[in-house]
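K.L.:
The listed protein sequences derive, respectively, from chains F and H. The first sequence begins at 1 in the working numbering and counts up by one. The second sequence begins at 242 in the working numbering and counts up by one.
Since no wrong hints were added, every one of them can be taken at face value.
Partner residues aside, some chain H positions facing chain F, computed with beta carbon under 8 angstroms:
{"no.": "1", "residue": "Ala251"}
{"no.": "2", "residue": "Thr255"}
{"no.": "3", "residue": "Ala281"}
{"no.": "4", "residue": "Gln378"}
{"no.": "5", "residue": "Gly381"}
{"no.": "6", "residue": "Glu506"}
If you want a taste of the chain F side facing chain H, the calculated C-beta under 8 angstroms gives, among others:
{"no.": "7", "residue": "Ser45"}
{"no.": "8", "residue": "Met47"}
{"no.": "9", "residue": "Pro106"}
{"no.": "10", "residue": "Cys149"}
{"no.": "11", "residue": "Ala161"}
{"no.": "12", "residue": "Gly163"}
Don't read these hints as lab results, they were simulated from the structure. Even for Gly, the Cβ is constructed at its ideal location relative to N, Cα and C.
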Amino acid sequence: MKGPLAKTAILLVGMYVFLKFILPLFTAPLPASLIFLYLALTFASAMIFYTMSGGSLDEFMGPVGRFLTGSGQAGVAGTARVLVFVLFPLLVGWQTYTKLAPSDLPPAENRTIHPAPPGEFVGLANPYPRTPENIMMGKGLYAAFCSPCHGANFDGKGPAAVGFNPPPANFSDPGTIAQLQESYLFWRIKKGGVGLPVEAMPWKSAMPRWEVELPDEWIWKIIMGEYDGAGQSPRTWEEEE
Amino acid sequence: MGYKKIFSVALGLTLMVTGVEVSGVFASDPPPEGETGSVAVRLFLTEGAVPANDPNAAVWNTIEPAEFKLAPQVHWPDRIQEVTVKSVKVRGVHNGEDMAILLEYADPSEDAADAAAVEFMVGDKMAHFAHGQEMLQVEGGDVNIWYWKKEHGKATNMTARGFKTLRPQESQNVSATGAWQDGTWRVVFSRPLRTGEDLDVQVTPGEWRNVAFAFWDGEIVDGDVKEKGSQKAISSWWYLRAEPPPDNSIYGYVVLGIVLAAGFEFFLVRKIRRGNES
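Using the sequences plus the hints, can you model the full thing?
P.N.:
So this is what it looks like as C-alpha cells:
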C-alpha cells in the first residue's frame, strides 16, 4: 500500500507544481478552480490505477461500473455509454474554456444592501409624535431634498435618479423601507452612502450624507412622511423578535 | 477502516466535487445590461497611433459606443435640478501604449464655458465617486480627474481626495480636443496607458477600472453661465477596461483538460474490466 500511496502523492505534487509554477512561465496562469479540477481528475485516475483492485472497484461502482465497462450492453445503453464517454472530456474542455475565455463582463458586484447599522443607531425611537402636521412637514422636506432622486411618488424614479449605480431606493417596493426600522432609516439618512460599511460599497452610493445639512428633527419627520407617502409602515421591535 | 474503504470514500468525494465543479458550466450568466444603459467602457485594441487629437477620426465610427445616463447634481449647494447634458456616448481605443477616449453628447449651443470631465479611481484604495469624498467606515483613496474646457482648449490633469482638495497635478500628461457640430460635442481625451505617477490612474490591459463622468453647459443665461462648479451633470462609477491582446494559450489548456478527463475514463474502465476478468 505504501508504494502506491507515495506514488499518488508524488504525482499530485508534480502535477500541482507543473500547473501552478511551470506553465505560467510560458503562458497565462490558470485560475485556482481549474487547477483544482485537474488535480481532482489526476487524483481519481491515480487512485483507480494504483490502489484499487478491479474487484473492489467493481463492487464500489456497482451498476455504474457495469454501465461504464459496457459489459453486455447493446442498443440504447451502448449508445448512452459512448455518449457519456465522449461528453465527459468535452465538458471538462468546455469548463476550461469558459473559465479562461476573456470575459467582457465587469467583476460581479456582491453589494450588501442592508448591512448592520452601527450600534449607536440600534433601537432609537422616533421622538416625534405621528401627527398630521409632522407628517405633512416631513413630506414637504422630502419633496425638497429627496424627491429629485427617490421620486415624488416614492418609487425611486426622480429626475436625478438616472446615472447612478446603484439606483436610488424605491420606497414603495416592499423590499426597502418596509423591511427596516425607523432607527435604521435615521442612520441611512444621516450618514448617507459614505456611512456604509465596506461590504455595502460606500464609494458607489449617491445617497447623500444629510447630517451635514438637515437637523435630526427634520430627518425624523422626513421618515414619517416617507412611510406615509410610500404607503408602508416601519418594521417594529416586536416583529424583530 | 482499511485503506480500501478510505480510498473508496475519498474517490467518491473527489468524483462528487469534480462533478459539481464541472456542472458549473451550466450556471447562469450575470444578467444582461439593463434599460439604464451600459455598464462598461471598452478600449478596443488597435494597431498604429490612436486618434489622440481627432474627435472626427474614421476609427471612431467603427466602434460601438457605451452609453451612460447623467443626473443633475442635486445634493451639494449650489444644486441644480435640470441639466443640459442628459447622456453621453463613450468610445475608446488603445494600442498597448496610448489610449484615447471619445465623449459624444448633445448640447444645443457651443459656448466658451462648455466643459467635460472623466474621473478615475486611482490605486488599490476605493474612492467615492464624488471627488473621493470621505467615507466613514472605509479609508478612501484618490481620484484622478481629466478636465476639458472649451475656452482652455486643452485638458487639465487633476487629483482629489475629498472636497476642497481638487487641484491640478504637476504632471500634465493628458491631452484633449473638442469639436462641436450641429448640437453635438465630440471631445477626445488621450494619455499613455501608464504614466508612473502615483496620482494618475494606471490602465493595464485586461484589468477593470472605475470611471465616472461630468459635464457643464457653459451657455450664458441672463448674463450668467448656466452650469458651473457643483452645478453639473454627473454619473457615479461605471467600469472601464482596455482590451487585452488575444491569448491562444487557452486552447492548450482545453486540450489538457480533455486529455486528463479521457485518461481518467481510460483508467477507470480498464481497471474495472481487469477486475471482471480475474
